[in-house]
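The task is simple: from the sequences and hints, build the whole structure.
Each chain is listed here by its residues.
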Amino acid sequence: QQPVQSPQAVILREGEDAVINCSSSKALYSVHWYRQKHGEAPVFLMILLKGGEQKGHEKISASFNEKKQQSSLYLTASQLSYSGTYFCGTEDNYGQNFVFGPGTRLSVLP
Amino acid sequence: EAGVAQSPRYKIIEKRQSVAFWCNPISGHATLYWYQQILGQGPKLLIQFQNNGVVDDSQLPKDRFSAERLKGVDSTLKIQPAKLEDSAVYLCASSIGQGAYEQYFGPGTRLTVT
Numbered sequence: 013q014q015p016v017q018s019p020q021a022v023i024l025r026e027g028e029d030a031v032i033n034c035s036s037s038k039a040l041y042s043v044h045w046y047r048q049k050h051g052e053a054p055v056f057l058m059i060l061l062k063g064g065e066q067k068g069h070e071k072i073s074a075s076f077n078e079k080k081q082q083s084s085l086y087l088t089a090s091q092l093s094y095s096g097t098y099f100c101g102t103e104d105n106y107g108q109n110f111v112f113g114p115g116t117r118l119s120v121l122p
Numbered sequence: 257e258a259g260v261a262q263s264p265r266y267k268i269i270e271k272r273q274s275v276a277f278w279c280n281p282i283s284g285h286a287t288l289y290w291y292q293q294i295l296g297q298g299p300k301l302l303i304q305f306q307n308n309g310v311v312d313d314s315q316l317p318k319d320r321f322s323a324e325r326l327k328g329v330d331s332t333l334k335i336q337p338a339k340l341e342d343s344a345v346y347l348c349a350s351s352i353g354q355g356a357y358e359q360y361f362g363p364g365t366r367l368t369v370t
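Protein chains in written order, with my numbering: chain A, 13 to 122; chain B, 257 to 370.
Treat each hint with caution, since some may be false.
Examples of chain B residues toward chain A, derived with CB under 7 Å [unchecked claim]:
hint : residue
1    : Ala258
2    : Pro299
3    : Leu301
4    : Phe321
5    : Ala356
6    : Glu358
7    : Pro363
8    : Gly364
I should point out that these hints are in silico values taken from the structure, not numbers from a laboratory.
It should be emphasised that the depicted structure is a prediction, and the values quoted were computed from it without experimental measurement.
Where is the CB? At the ideal position from N, CA and C, for every residue including glycine.
Next comes the structure, spelled out in structure tokens:
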């Protein structure tokens, strides 16, 4: 079953922060986050495993609330290069039933 | 390190024709995925291989789509016969293993069915 992402789209000014949410109705083993720019393939950002880990990379971090089966992606002090569509992907068993969400389109304006 | 290779990059066919896509994953990657991405939507998993075995093909329209990964390395996805609704980008991805590993995507094949 496909996870739900919110918001569907967001427009920011450079330097502003954003949060993208991903939720599932089933128990999850892992949550993946990818970014896709127009006309390009998705690029990996990070993976979170059940256990409520919060991981980060530079100004992009994420958390996973195992009890709620929700993950959030945090973009701090957004840059123009952050523009694109962000997808979460979920697995409900070890390496199985992987499914991407519908995506959140992020536009960062100067 | 070479990335995931796909060919062709673009293909235009008429409905009811057949088409095949090829993917060569990153060397040493045991897991290979084929996705269909329709414009404006997230990638939809068609089939997942672990070496040369199928892990998940629950969303593969088996009456017209087929895929193989005979020697556990490169893979071919075929559509026969194609329908208008098959117009999409077909993405191949690979990962070092199954379960919670980063997926590396190829550039994709854009299929247009007229």
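Which constraints among the numbered hints does this structure fail? Numbers only, ascending.
1, 4
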